[in-house]
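S.K.: Each chain, letter by letter, is given below.
Protein chains: 2
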Amino acid sequence: MTTTTVHENAVLPELVTKHKTVLDRAVQAIHERTFFSQYPENPSPAIYGEGADQAGLEAYKQLTGKHFNELQQGEPAGWVGQEESPYEQAPIGVSYPYYPVETLVKNGQNTFDTWRKVTPAQRAALLIETLERVKSRFFEIAHATMHTTGQAFMMSFQASGPHAADRALEAVAAGYEEQTRFPEQQVWEKPMGKYSLKLQKSWKPVPKGLALVIGCSTFPTWNTVPGMYASLVTGNPVLVKPHPKAVLPIAIVVAEVQKVLAECGLDPAICQLAVDPAEKLITKELAEHPLVKIIDYTGGSAFGNYLESLAKKTVFTEKAGVNSVILDSVEDLDKVMQNLAFSLTLYSGQMCTAPQNFFIPEGGITVAGVQVPYEEVVAKLGEAVTQVVNNPKAGPHVLGAIQNQVTQQRVKELSSLKGRSLLDTCEISNPSFEKARICTPVLYEVNSEDREVYSQELFGPIALVIKTKNTQESVALAKEMALEHGAISCGAYTTDQEMKELIMDQMGLAGTPVSFNLTGGIFLNQNASFSDFHVTGGNPAGNASFTNPEFVIKRFTWVGFREPVQQ
Amino acid sequence: MTTTTVHENAVLPELVTKHKTVLDRAVQAIHERTFFSQYPENPSPAIYGEGADQAGLEAYKQLTGKHFNELQQGEPAGWVGQEESPYEQAPIGVSYPYYPVETLVKNGQNTFDTWRKVTPAQRAALLIETLERVKSRFFEIAHATMHTTGQAFMMSFQASGPHAADRALEAVAAGYEEQTRFPEQQVWEKPMGKYSLKLQKSWKPVPKGLALVIGCSTFPTWNTVPGMYASLVTGNPVLVKPHPKAVLPIAIVVAEVQKVLAECGLDPAICQLAVDPAEKLITKELAEHPLVKIIDYTGGSAFGNYLESLAKKTVFTEKAGVNSVILDSVEDLDKVMQNLAFSLTLYSGQMCTAPQNFFIPEGGITVAGVQVPYEEVVAKLGEAVTQVVNNPKAGPHVLGAIQNQVTQQRVKELSSLKGRSLLDTCEISNPSFEKARICTPVLYEVNSEDREVYSQELFGPIALVIKTKNTQESVALAKEMALEHGAISCGAYTTDQEMKELIMDQMGLAGTPVSFNLTGGIFLNQNASFSDFHVTGGNPAGNASFTNPEFVIKRFTWVGFREPVQQ
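Residue numbers (the UniProt record's numbering), protein chains in the order written: chain D, 1 to 567; chain F, 1 to 567.
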């Protein structure tokens with residue numbers, strides 16, 4: 001029990017000055033909620049420099065087949081790597097240092113007394129500096145993301161690069177704001193008639209302790225950095241536990257964070273990469289460790305529910321969701337179906353926000369005031385999907401590749417479910433990667449009575465068309481699915497104001513954000529940093545809310561101190 | 001599944017105008033954290049009017065021995081009352097209507113669609129209006145509090161009246177601020193080079209649903225109104241379940257809330273009193289009801305831990321705490337001991353913030369630079385207590401009466417514990433209430449090795465003096481107690497700056513607020529609305545934090561909606 005001197009260092013104050021404008025702008029953006037992005041999503045040479053893409057690809061290739069040597073975590077217990085490219089269907093051959101759980105926890109915990117005494121403003125500035133460093137490696141991270149997740153290049157670049165960095169910045173800004181929202185100190189003076197009581201008071205946001213961030217295989221940085229940066233900015237050392245099949249993108253991020261920490265004279269173990277040894281998953285051991293106080297998790301519901309049941313932990317999860325599309329009435333059916341087909345096809349539906357259940361009334365829907373029969377609506381959806389996937393300029397680049405064989409298997413086994421097939425998967429090829437694991441979306445019809453079929457997440461390129469009695473039933477079922485099985489997004493098409501309000505009201509009660517009448521270049525599976533809240537805790541899909549105040553304030557505790565003023 | 005029209009009513013906009021200044025001032029106070037109080041704590045005629053006390057006493061007497069007829073909850077299943085005055089040791093004879101759990105839940109749930117559609121500003125204004133009405137009954141509530149809790153008149157008036165109302169206002173202000181912290185709507189426009197994507201977005205704080213507030217026997221309004229008003233302002237209907245022995249004070253508050261609701265054309269069932277039938281406690285049935293989404297609780301740890309373990313509920317608790325006093329070095333030992341003796345004596349230690357464990361080094365403490373032996377320090381504490389309780393002008397009015405016989409029994413059984421008695425309880429009488437159940441504080445010495453004795457809450461007028469090796473051990477033990485068994489307050493006396501920083505640091509990690517070097521008219525068991533955070537979740541004593549953002553934001557969910565702007 002010793003007091004550690006607050007870290008004094010020339011670099012930190014400089015970083016505070018350097019990044020003040022960005023931090024203030026980010027805090028402002030959180031409250032304005034109009035478009036804001038610090039990291040440009042367009043991978044053009046005009047922004048990122050001539051040859052940046054090629055250099056990133058080369059840098060990625062340099063990493064493959066080798067030990068990943070950039071981490072500053074001391075002598076490892078061994079090296080391990082099991083990533084495989086969905087594009088090559090072959091190992092990428094990077095191996096990472098691994099450490100016993102006790103070593104990771106001990107080294108992380110050892111940094112707590114130093115890290116918690118760095119001020120919130122200094123932590124925020126240091127973390128923004130790390131994002132600047134990561135920015136210089138966006139292309140490298142993009143190729144690493146492609147070859148671990150199967151995302152197409154554009155999504156790999158945007159999701160793992162600028163979009164992830166924006167979400168990280170958002171968490172940093174939110175955490176900074178919450179920690180500085182009350183005065184550090186104040187004189188409290190209570191008038192008592194002839195005299196007054198006078199106390200000097202101060203308040204401190206006290207971090208909770210070691211944090212664990214558990215990544216997923218499909219969005220290794222986008223789903224990891226918000227929790228990671230939220231815990232770091234609030235003073236908690238972090239252990240980043242990536243999915244064994246998607247390590248490289250986040251390993252690069254952690255390496256950059258460690259470099260900045262070291263430059264600031266701080267222990268790089270404030271942020272460690274915790275890779276599983278070859279044949280032993282360490283996630284449970286880490287999660288259950290009494291020194292681990294905060295857990296962020298993205299992945300399946302069973303493990304997420306287990307984590308949520310752990311006593312004395314602050315847990316943020318993003319679990320499975322059953323996302324709905326409600327079709328009621330539209331102006332232009334072709335445009336709607338093109339939009340939905342793209343949403344279904346994008347990264348082969350391997351997104352937590354991808355639509356799965358399409359609720360369509362048996363009497364069809366109104367198109368510009370004219371009733372169009374159910375079968376015609378369904379046929380249009382199938383045609384629109386076929387059109388996207390068969391367009392050689394679009395198909396392969398929208399679909400990407402299937403991250404793992406389980407997803408492919410799920411598509412194959414769909415025909416064993418109750419219902420009828422509306423559109424089968426078809427063969428298409430990717431001209432750049434002839435061995436790519438590709439699976440185009442399938443459509444499958446289910447009756448609204450057969451809840452057991454559509455009340456589960458069927459991760460991947462699978463869309464269920466659920467024939468309902470009317471839109472009221474569609475809304476009731478979409479709400480029920482969200483409340484009982486979770487939902488992260490919802491698409492709704494209606495030209496009827498009253499129906500729109502009903503949908504907002506009912507899906508609102510189910511804690512599910514709704515995108516209305518999307519056509520053109522914006523899709524329900526996309527969401528925007530600094531504007532769209534993501535997974536805010538209103539249903540079983542989770543509470544890893546990028547980024548509302550709850551996502552950051554539960555990572556620390558307010559503690560007050562007071563003492564009479566000598567009068 | 002119908003949309004309920006948003007409540008339209010002339011009264012609500014008027015109330016918004018009427019209370020805008022108070023609401024804005026309260027929000028400002030939360031962030032300034034200097035002294036602010038909306039409801040004067042001084043029960044003087046100059047403030048509350050000539051004869052207000054007498055009128056309040058008469059009004060209280062009018063209620064005794066009768067049915068409590070002010071609630072607007074429909075035909076009851078029966079009437080029940082089991083309150084006894086600790087001053088008279090006789091029943092007060094008020095009986096309350098009770099209802100089956102299903103009726104309470106159904107009637108509460110039926111109001112949800114209306115209440116959630118009243119705007120946050122209107123809900124806040126309506127609730128402030130209810131506090132104004134409650135203010136007119138502060139004296140009546142004070143006498144009701146005396147004769148249910150055993151508090152002395154002054155504490156009854158202040159804690160159940162103005163201090164409770166200030167805490168309620170604080171919760172209203174915090175809830176209002178959090179719900180209006182993000183824009184209701186915004187145009188989001190993303191530049192895409194030649195064109196831009198333009199979405200109309202809106203965000204809604206969606207309340208979670210029916211809330212249950214479980215009161216305690218010692219502070220029937222102070223510990224109930226924060227959760228009650230926090231849930232109400234965030235749009236959740238509330239069931240107030242009082243302790244069967246302390247109903248009347250909060251029954252008056254609920255009745256006033258119902259009157260204002262009715263005047264606003266709203267269903268009084270938005271806030272119901274849920275009293276236990278004669279021989280059946282309904283708390284568990286209420287808590288486990290699937291429609292109950294939020295629970296606030298004050299009371300013992302066993303039941304609190306059970307509530308916290310319930311799945312799918314948002315739970316706020318204030319449970320037992322083991323509060324410490326650390327004695328290291330002082331300027332004026334007499335003044336310190338007078339202050340601590342008062343803290344021990346105040347309401348016979350029946351406060352969640354009362355000190356219990358006094359850590360004193362075996363080598364004694366430094367007094368104005370001179371070492372004073374341990375035995376002398378301990379003797380001074382005993383003398384100071386004796387002086388307070390034997391002062392006929394102070395003793396009875398500070399001690400009040402013992403709320404229930406279990407507490408009295410606990411004092412008697414103390415001698416069976418390992419250790420030695422330092423000060424026995426003595427006989428004193430209350431001139432106004434000769435039958436009052438009185439028990440003066442006892443001091444008991446325990447060795448620091450005998451953790452099993454002092455690692456439990458000994459609720460009531462019991463102080464343990466724990467002899468430690470040195471102040472470092474005192475701090476380590478106080479921290480350990482807080483982290484393992486909970487703590488809500490801590491007093492520390494040191495003139496050494498380094499020691500002070502160590503205590504702040506270590507007790508901060510244990511989530512425990514510390515009052516340093518209190519002497520004179522301010523005591524560690526007091527805490528101030530709008531300034532001192534109360535129970536912020538950093539240790540097992542609970543997380544019912546009056547009022548930090550977490551206390552209100554977990555009662556609703558942010559949900560966003562978006563739609564392309566027609567261009």
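Note that these hints are calculated values from the structure, not bench results.
Heads up, some of the hints might be wrong.
Stretches of chain D that chain F covers, calculated by requiring three or more beta carbons in the stretch to come under 8 angstroms of a beta carbon on chain F [claimed, not checked]: (1) 178-188; (2) 276-283; (3) 494-508; (4) 530-542.
Quick list of the computed label-pair ranges, beta carbon to beta carbon [claimed, not checked]: (5) G78(F) x E413(D): 32 to 42 angstroms; (6) S421(F) x V565(D): 34 to 44 angstroms; (7) T34(D) x G78(F): 55 to 65 angstroms.
C-beta: ideal position from N, C-alpha, C; glycine also.
S.K.: Hint by hint, say whether it matches the structure.
M.R.: Here is how each hint holds up against the structure:
Check on the segment 178-188 of chain D: 7 of its residues sit with their Cβ under 8 angstroms from a Cβ of chain F, so the three-residue criterion for coverage holds. Judged by the Cβ-Cβ criterion of 8 angstroms, the segment 276-283 of chain D is not covered by chain F as claimed, because only 0 of its residues qualify and three are needed. Counting residues of the segment 494-508 of chain D whose beta carbon lies closer than 8 angstroms to any beta carbon of chain F gives 8, which meets the minimum of three for the stated coverage. Against chain F, the segment 530-542 of chain D contributes 6 residues with a C-beta closer than 8 angstroms to a partner C-beta. That satisfies the three-residue criterion, and the hint holds.
Between G78(F) and E413(D), the C-beta spacing of about 59 angstroms breaks the proposed range 32 to 42 angstroms. Between S421(F) and V565(D) the beta carbon distance is about 38 angstroms. The supplied range of 34 to 44 angstroms therefore holds. For the pair T34(D) and G78(F), the supplied restraint of 55 to 65 angstroms holds, since their beta-carbon distance comes to about 58 angstroms.
The earlier numbered hints that this structure contradicts are 2, 5.
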